[in-house]
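Let the hints inform the model, and build the full structure from the sequences given.
Residue numbers (the numbering used here), protein chains in the order written: chain A, 129 to 645; chain B, 129 to 645.
Some hints here could point you the wrong way.
Identical chains blur together in the list; that is why a pair holds if it fits in one copy or across any two.
To be verified - List time: in silico EDC-like cross-link candidates among lysine to aspartate or glutamate, alpha-carbon distance up to 16 Å:
(1) K205 to E193
(2) K346 to E223
(3) K454 to E534
(4) K335 to D611
These are calculated hints, taken from the structure and not from any lab test.
Treat the numbers as computed from the prediction; the structure is a model and nothing was measured.
Read off the chains here:
There are 2 protein chains.
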Amino acid sequence: MKHRILLVIALSTLFASHMIAQTDAVSAARSFRQKNEAKLLREFSELLSMPNVATNVTDIRKNAEYIRQLLENKGMKARLLTIDDPEAPPAVFGEYLVPGATKTVVFYAHYDGQPTDPADWTVTEPWKPVLLTNAAEQGGKKIEFPMAGGSIEPNWRIYGRSASDDKAGVFTILTAFASLKAAGIEPSINLKFYFEGEEEAGSANLKAFLIKYKDLLKADAWIICDGPVHQSGRKLVSFGVRGVTSAELTVYGANRELHSGHYGNWSPNPGERLVKLLSSMKDANGRVLIGDWYKDVEPLGDLELKAIADAPKYDDELKAQLGLAKTENGGRQLLDVLNEPSLNINGMKTGNVGSLARNVIPSRAEVVLGLRLVKGNDVRRQLEKLRRHIEAQGFYVINREPTTDERLKHPLIAKFIPEDAGYNAQRTAMDLPISLAVIGAVSTARTQMPVTLPTMGGSLPLSIITETLGDPALITVPIANYDNNQHAADENIRIGNLWDGIEIYASLMTLTVSGRQ
Amino acid sequence: MKHRILLVIALSTLFASHMIAQTDAVSAARSFRQKNEAKLLREFSELLSMPNVATNVTDIRKNAEYIRQLLENKGMKARLLTIDDPEAPPAVFGEYLVPGATKTVVFYAHYDGQPTDPADWTVTEPWKPVLLTNAAEQGGKKIEFPMAGGSIEPNWRIYGRSASDDKAGVFTILTAFASLKAAGIEPSINLKFYFEGEEEAGSANLKAFLIKYKDLLKADAWIICDGPVHQSGRKLVSFGVRGVTSAELTVYGANRELHSGHYGNWSPNPGERLVKLLSSMKDANGRVLIGDWYKDVEPLGDLELKAIADAPKYDDELKAQLGLAKTENGGRQLLDVLNEPSLNINGMKTGNVGSLARNVIPSRAEVVLGLRLVKGNDVRRQLEKLRRHIEAQGFYVINREPTTDERLKHPLIAKFIPEDAGYNAQRTAMDLPISLAVIGAVSTARTQMPVTLPTMGGSLPLSIITETLGDPALITVPIANYDNNQHAADENIRIGNLWDGIEIYASLMTLTVSGRQ
Chain A
129 MKHRILLVIA
139 LSTLFASHMI
149 AQTDAVSAAR
159 SFRQKNEAKL
169 LREFSELLSM
179 PNVATNVTDI
189 RKNAEYIRQL
199 LENKGMKARL
209 LTIDDPEAPP
219 AVFGEYLVPG
229 ATKTVVFYAH
239 YDGQPTDPAD
249 WTVTEPWKPV
259 LLTNAAEQGG
269 KKIEFPMAGG
279 SIEPNWRIYG
289 RSASDDKAGV
299 FTILTAFASL
309 KAAGIEPSIN
319 LKFYFEGEEE
329 AGSANLKAFL
339 IKYKDLLKAD
349 AWIICDGPVH
359 QSGRKLVSFG
369 VRGVTSAELT
379 VYGANRELHS
389 GHYGNWSPNP
399 GERLVKLLSS
409 MKDANGRVLI
419 GDWYKDVEPL
429 GDLELKAIAD
439 APKYDDELKA
449 QLGLAKTENG
459 GRQLLDVLNE
469 PSLNINGMKT
479 GNVGSLARNV
489 IPSRAEVVLG
499 LRLVKGNDVR
509 RQLEKLRRHI
519 EAQGFYVINR
529 EPTTDERLKH
539 PLIAKFIPED
549 AGYNAQRTAM
559 DLPISLAVIG
569 AVSTARTQMP
579 VTLPTMGGSL
589 PLSIITETLG
599 DPALITVPIA
609 NYDNNQHAAD
619 ENIRIGNLWD
629 GIEIYASLMT
639 LTVSGRQ
Chain B
129 MKHRILLVIA
139 LSTLFASHMI
149 AQTDAVSAAR
159 SFRQKNEAKL
169 LREFSELLSM
179 PNVATNVTDI
189 RKNAEYIRQL
199 LENKGMKARL
209 LTIDDPEAPP
219 AVFGEYLVPG
229 ATKTVVFYAH
239 YDGQPTDPAD
249 WTVTEPWKPV
259 LLTNAAEQGG
269 KKIEFPMAGG
279 SIEPNWRIYG
289 RSASDDKAGV
299 FTILTAFASL
309 KAAGIEPSIN
319 LKFYFEGEEE
329 AGSANLKAFL
339 IKYKDLLKAD
349 AWIICDGPVH
359 QSGRKLVSFG
369 VRGVTSAELT
379 VYGANRELHS
389 GHYGNWSPNP
399 GERLVKLLSS
409 MKDANGRVLI
419 GDWYKDVEPL
429 GDLELKAIAD
439 APKYDDELKA
449 QLGLAKTENG
459 GRQLLDVLNE
469 PSLNINGMKT
479 GNVGSLARNV
489 IPSRAEVVLG
499 LRLVKGNDVR
509 RQLEKLRRHI
519 EAQGFYVINR
529 EPTTDERLKH
539 PLIAKFIPED
549 AGYNAQRTAM
559 DLPISLAVIG
569 AVSTARTQMP
579 VTLPTMGGSL
589 PLSIITETLG
599 DPALITVPIA
609 NYDNNQHAAD
619 ENIRIGNLWD
629 GIEIYASLMT
639 LTVSGRQ
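Set out below in structure tokens:
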């Protein structure tokens with residue numbers, strides 16, 4: 129019921145008088161983009177050509193300074209925010225205050241990207257962006273970046289690390305602002321841009337930044353430009369994110385690699401120990417068997433359940449595209465199971481495979497376990513359930529390499545290193561005035577209601593923001609195509625999604641919130 | 129009973145008149161080595177500095193030609209044996225016929241080495257041999273190779289790929305021959321040297337070589353210089369080897385890597401599928417659960433059981449050295465369980481660990497399974513048991529990448545690629561006259577009875593020799609220290625073992641077989 133009311137309000141805003149400003153903004157963004165397509169692609173490609181793994185301090189600072197300069201060039205007051213830790217990537221902050229504006233919105237994106245093994249990339253190297261006529265899997269061919277005036281197809285894609293996650297966000301926000309400036313359209317709200325430099329590294333310092341710059345970052349809402357739109361291609365507005373953390377787990381055999389002939393059947397294989405341990409954590413259906421794993425989950429409300437029920441059903445198409453005969457959890461819908469905590473083998477290794485494989489009993493086996501959390505879960509508590517499970521399987525659990533004495537005393541030893549970073553899930557109410565205004569602004573830009581979801585599957589450090597900044601509304605408006613190979617090799621963005629994004633964000637920068645908030 | 133007779137015969141040969149030649153040979157080898165220690169180390173180091181992975185055709189040919197030249201220089205008729213396949217590494221063949229000799233022995237070693245990841249090496253790079261004052265784990269320090277006349281300690285070690293496995297074999301055989309030549313001592317038997325170039329690649333072409341050069345390689349016995357001596361340091365004579373093969377197994381998730389947040393709980397994780405599958409193959413005690421795995425094993429005879437019972441008990445020392453609180457198979461003795469077939473995780477990988485770990489659901493998980501076989505097992509039969517087990521776990525088993533249709537039809541798919549090479553186990557009777565003569569020759573060189581074993585844990589393609597060349601006696605006389613990191617990073621050989629080896633092989637080249645054979 130409540131959801132239907134939400135829908136009616138959102139659609140009615142399409143025809144409200146204050147929407148004229150938004151329609152103008154969308155047109156301005158479109159015409160700006162149409163005049164500058166080739167130039168915009170080159171600008172974006174230049175941004176993508178800068179290596180941006182958060183742990184590389186030199187690389188990441190170059191990115192930050194480059195983006196700060198872009199902001200200045202586009203007429204924004206911009207600076208780098210830093211904290212005491214010299215290893216912490218700076219945040220890029222931009223501010224544009226509008227005389228008479230009563231609302232302030234922080235637009236968030238992150239400029240760092242996931243680490244990657246260049247050897248895994250097939251289309252290009254991670255930081256050598258290239259243009260293709262379509263997705264590589266769809267037979268896309270490499271072409272030159274076009275000169276000014278050349279025609280550009282929306283199905284073209286740019287391949288490169290962070291093409292979608294999340295330099296697309298940085299670029300979209302910047303360009304939406306530039307398009308308003310060019311058309312002489314004043315935003316309806318005070319704009320603050322916050323571009324983080326270590327989201328993919330777990331946002332370990334975000335809290336310290338927010339505490340230090342609490343006053344500067346005060347706002348009614350944060351709008352997050354990160355993640356993919358709905359798989360059907362329909363735009364998405366999401367009111368929550370899963371939390372995330374991870375743990376590294378190492379189990380041991382002998383203190384050195386051994387010849388598998390001279391010692392096989394006698395010296396324990398750490399790979400065998402690891403597969404037994406991991407096998408105990410989930411059933412064949414993907415259900416987590418660790419005690420209390422699902423216990424503290426906060427159930428969804430009626431509004432949230434209705435939003436999920438109303439979202440396009442896309443599982444069958446997805447299965448066909450991904451080559452899946454069967455999914456986990458007894459075939460329950462994707463949008464449904466995303467509201468539960470997960471446990472994932474991010475990576476696992478013992479010895480070598482392929483051309484480096486050898487006839488040895490390896491001395492250690494390692495796994496990185498990724499955890500996603502939902503509302504009600506707590507990072508520390510969830511990791512502790514995992515640790516206790518490992519102990520319950522008979523392992524002596526430590527947080528460093530075992531000593532010789534420990535090796536001789538304990539048949540089963542596990543080194544368990546929980547991630548330092550990581551954060552809880554977050555959800556904003558879907559019926560706040562600002563929530564409705566955001567849905568309206570996206571509808572205006574696309575003349576279609578977006579899919580609305582209580583929770584995206586992915587994670588953003590939003591809980592850190594609410595815990596630190598006194599609960600602003602946090603709403604995610606993603607722009608990337610869903611098949612963007614985010615976090616993987618051959619990451620890409622569809623050009624049409626980039627163009628749509630500019631219009632959507634121009635619309636968001638001219639939104640008006642009805643009533644009280 | 130039979131074993132005690134064997135022992136008495138062997139020891140009595142120490143005092144037989146024809147042993148005088150052997151004692152002279154041992155003295156000659158020792159004095160030759162003492163005069164040339166520094167030079168010998170440099171020669172050996174030069175041999176180790178040549179990359180020797182069998183799949184690198186250019187590298188491997190350089191090794192072969194270099195060794196052929198060494199043989200010529202030491203006064204042997206030498207040539208490279210080749211077969212039609214231009215990718216097949218050549219064998220180096222040397223021949224020295226002794227007028228009046230009635231017996232012919234082929235001395236076997238291999239000059240190729242295991243593939244290795246240079247990043248795993250801590251002491252040096254694989255093909256940059258260095259000299260240490262002791263094992264690295266024992267605090268050995270890197271020192272320069274000494275100049276002529278400098279003192280050399282037996283506990284020094286040379287580190288480098290194939291330092292023990294098996295350029296030590298090539299070098300030992302060559303040098304033993306050179307020492308006899310230098311002293312003017314004529315061997316008692318016709319000598320043939322056969323140095324293989326693809327043993328670590330599974331000896332895929334050995335059979336073709338043996339068939340082509342059947343007449344050239346006709347002999348009463350083959351003496352194999354490969355593998356480590358007993359862990360106690362006592363020399364070893366082994367009358368059999370385990371067979372070996374392997375299989376690559378790949379299981380699948382979606383057809384591309386997926387974001388673990390947007391798809392976690394829904395898209396199957398191939399790592400999870402692999403751990404469940406592997407976990408079904410062995411129990412927590414290391415016992416293989418695959419049907420009929422142990423069924424066709426040919427039991428050991430009384431003589432073999434006695435030899436094992438008489439061997440030094442060394443398990444406790446080994447466990448202490450390797451940092452093991454518990455071994456597999458309920459703590460049964462190492463020498464006992466080596467007479468059973470094994471199944472080993474040689475290497476396993478999905479996604480990435482360490483600094484390249486990412487929040488993804490990987491698209492595939494791979495494992496290389498190593499199989500060791502004992503007398504009675506058959507390579508094809510053992511692999512088929514494994515394949516059937518995978519099928520019995522519900523997998524659709526194929527020998528190539530799955531098609532899209534197959535992915536959509538079968539929830540569980542396994543690509544199963546058995547190794548092309550691989551061979552069965554082999555055993556020579558311990559009481560043949562030539563067997564006793566070899567035990568005698570080793571005893572003479574060390575003035576101590578060697579440990580005798582029916583089977584070494586490691587593998588050599590000896591069954592291919594017996595199947596092709598009409599059943600010559602095949603006896604392995606290893607020389608390497610057991611803690612040589614064979615097949616692993618930081619491979620090394622103890623200098624004292626190299627020196628002992630030269631004397632043992634000089635003794636073997638002057639052995640006399642009593643009675644009929």
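Hints not upheld, ascending by number: Violated hint (a single one): 4; every other hint is consistent with the structure.
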